[in-house]
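> Take the sequences, apply the hints, and build the full model.
Protein chains in written order, with our numbering: chain A, 72 to 376; chain B, 72 to 376.
No wet-lab data here; the hints were simulated from the structure. Just so you know, these numbers come straight off a predicted model, no measurement behind them. Mixed in with the good hints, there may be bad ones.
A pair counts as met if it fits within one copy or between any two copies, since identical chains are not told apart.
What the hints assert, rightly or not - Straight-line C-alpha distance at most 27 Å; calculated DSSO-like pairs for lysine-lysine:
hint : residue 1 : residue 2
1    : 305       : 118
2    : 206       : 332
3    : 168       : 118
4    : 332       : 168
5    : 238       : 206
6    : 206       : 257
7    : 168       : 222
8    : 118       : 264
9    : 264       : 233
10   : 305       : 332
Protein chains: 2
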Amino acid sequence: MKNTTKATLYGRREFLASVTGLAGISMATTLPTIALAENLLQTFTVKRVIELILQEVPNAPFPTTVDQLRSGTMDQEVTGIVTTMFPTIEVIERTAKAGANFIIAHETPFYNNQDETDWLQEDDAYRYKIELLNKHRIAIWRFHDYWHAHKPDGIIMGNLLKLGWEKYYDANSPRLLTLPEPTSLKSIVSRTKERLGIPNVRVVGNLDQPCRTIYLAFGYMDSRRQIAAIQQFKPDLILSGETREWETVERVRDGQQIGQKTSLLVLSHSVSEEAGMEYAAKWLQPKVPGIRITHIASANPFTFL
Amino acid sequence: MKNTTKATLYGRREFLASVTGLAGISMATTLPTIALAENLLQTFTVKRVIELILQEVPNAPFPTTVDQLRSGTMDQEVTGIVTTMFPTIEVIERTAKAGANFIIAHETPFYNNQDETDWLQEDDAYRYKIELLNKHRIAIWRFHDYWHAHKPDGIIMGNLLKLGWEKYYDANSPRLLTLPEPTSLKSIVSRTKERLGIPNVRVVGNLDQPCRTIYLAFGYMDSRRQIAAIQQFKPDLILSGETREWETVERVRDGQQIGQKTSLLVLSHSVSEEAGMEYAAKWLQPKVPGIRITHIASANPFTFL
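Written as structure tokens, this is what we have:
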């Protein structure tokens, strides 16, 4: 793969030189033309794209992280990038159809956060997925820990931008959002459904409750941290992606029984971070000129009945 | 506590002797009367009730189990028993009101499966709960691992009885139910909602899909086991309580994309095992004559919107 990539790159530069040579223009004008054309024809390996991303993340690279290459090779030349939440089989098929070969995914392709695959060797969906990735030579890199570690957290900021709440973001307390005035839980439910494109949500709490402070827990977040946050911040609302029912949900319910005001809005995991991966596409685009970046939403798997 | 309990017991027997003595009937008739009356007046400590339960569980007691006494004392005399899924503050208040002092709960009172409390010492809901339990001298014992280890699994059987599916239970493959004929997923959704009293559920799959084999995963179940079951049994449906979205949900979704038929019906944790704890009350009642056992449903905490 490495040799092919280099050969392609070299071939393009040779072609460029021969075209400018044939035009018969002076070096003075040729030089900037070459610079511009080279920029447009610039190629990126998977490794280079990852390096460009890590440059923006404090303390990167991390010694331990799930953000690893899960398929493809570091030195393959990128034909196009897709960002998504879950690299589902459908997302991979649509990536191939779009002519892209690099998926930057927030979540696991292999149904476990550590992306372990030994237990899946006989699993039909896993095998189909691996064959599909190999057939189309598609690289998947997890962009989970680094995107959360970016300042601001890319998932939070992607959501806030869509919700029109980015101006209330507080870098000193990034998970606690304070709205300028209290808004009913009902109205927050409508806003998240409408702006994040979520058909259904689940709530633990009173829909008429006024909410001003919102603890942001998009995706999945450790329950002990959320329960500690209830005690520390006494937020009006926890805005969650996915949470364990025997942990945070029951703590919120008990709190309400003794008069605490903290409610819980559960969006579902995939849709609660999708805006963050859509934002990742926009954020990354200027760093890789000439490479087309598309966001493909893995969307909500659930039907609510 | 131990001395009080013994004193109460002794007092009752003295009273019984004096009543039968006053009646002035012969020993021949008095003896069976005493036996009957003693049975009715029989007292049980928490410890005795637990012993009676463990007698019915293969290989009990287990060296490691979450089924421990979480409040109260082993030797307190039981005034009444409540079975429930989650011993919420509301359930504890209703228990006290009913004059009962022993809650047999399937799930954690302390928002974590191991019932650890060190991290909760400053938590307002935890402190309120502990004070409430102490004030009313209410014992809580987890009946989780032992109830699942009972033959048949008490949670599964409680659900099957309510669903009218108990005759399809197969002791050789207790998690795989085979209906006599295919039923649409839509119709199974209606049946579970109606018979288990669940207002809303979530589905991953096609509502018109015919289902005959159902993999039973009430409550929360390890995703790797569920994913292995998809491969092993190729069930038409997984009937789940709570499951991780990045694990089972995404595996089911990928499977459907490649034409696999396994759908997923998620009931929510509390309501998916409530029938099992209602069944526990009926199952336990004959073992503790004279003790009133009530099932208090902790019910579904969610509003679906």
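> For the identical chains here, do residue 168 and residue 222 meet the 27 Å Cα criterion within one copy, between copies, both, or neither?
neither (34 Å within a copy, 52 Å between copies)
> Is it within, between, both, or neither for residue 264 and residue 233, if the alpha carbons may be no more than 27 Å apart?
Cα proximity of residue 264 and residue 233: one copy only (11 Å, versus 35 Å across).
> Given a CA cutoff of 27 Å, do residue 305 and residue 118 count as a within-copy pair, a between-copy pair, both, or neither?
neither (43 Å within a copy, 39 Å between copies)
> Since the copies are identical, ignore which copy is meant and state whether residue 305 and residue 332 lie within 27 Å (CA to CA) inside a copy, between copies, both or neither.
So residue 305 and residue 332 pass the 27 Å test inside one copy only (8 Å; across, 45 Å).
> At most 27 Å between CA atoms: does that hold for residue 168 and residue 118 within a copy, between copies, both, or neither?
For residue 168 and residue 118, only the intra-copy Cα distance (23 Å) is at most 27 Å; the inter-copy one is 66 Å.
> Using 27 Å as the alpha-carbon threshold, which applies to residue 118 and residue 264: within, between, both, or neither?
neither (37 Å within a copy, 51 Å between copies)
> Could you figure out if residue 238 and residue 206 sit no more than 27 Å apart (CA to CA) within one copy, between two copies, both or neither?
Classified as neither: same-chain Cα gap 45 Å, cross-chain 48 Å, threshold 27 Å.
> At most 27 Å between CA atoms: does that hold for residue 206 and residue 257 within a copy, between copies, both, or neither?
neither (47 Å within a copy, 37 Å between copies)
> Given a CA cutoff of 27 Å, do residue 332 and residue 168 count as a within-copy pair, a between-copy pair, both, or neither?
between (49 Å within a copy, 25 Å between copies)
> Between residue 206 and residue 332, at a C-alpha cutoff of 27 Å, which is it: within one copy, between copies, both, or neither?
Between. Shortest inter-copy distance 25 Å satisfies the 27 Å Cα cut-off; intra-copy 53 Å does not.
Violated hints for the displayed structure, listed by number in ascending order: 1, 5, 6, 7 and 8.
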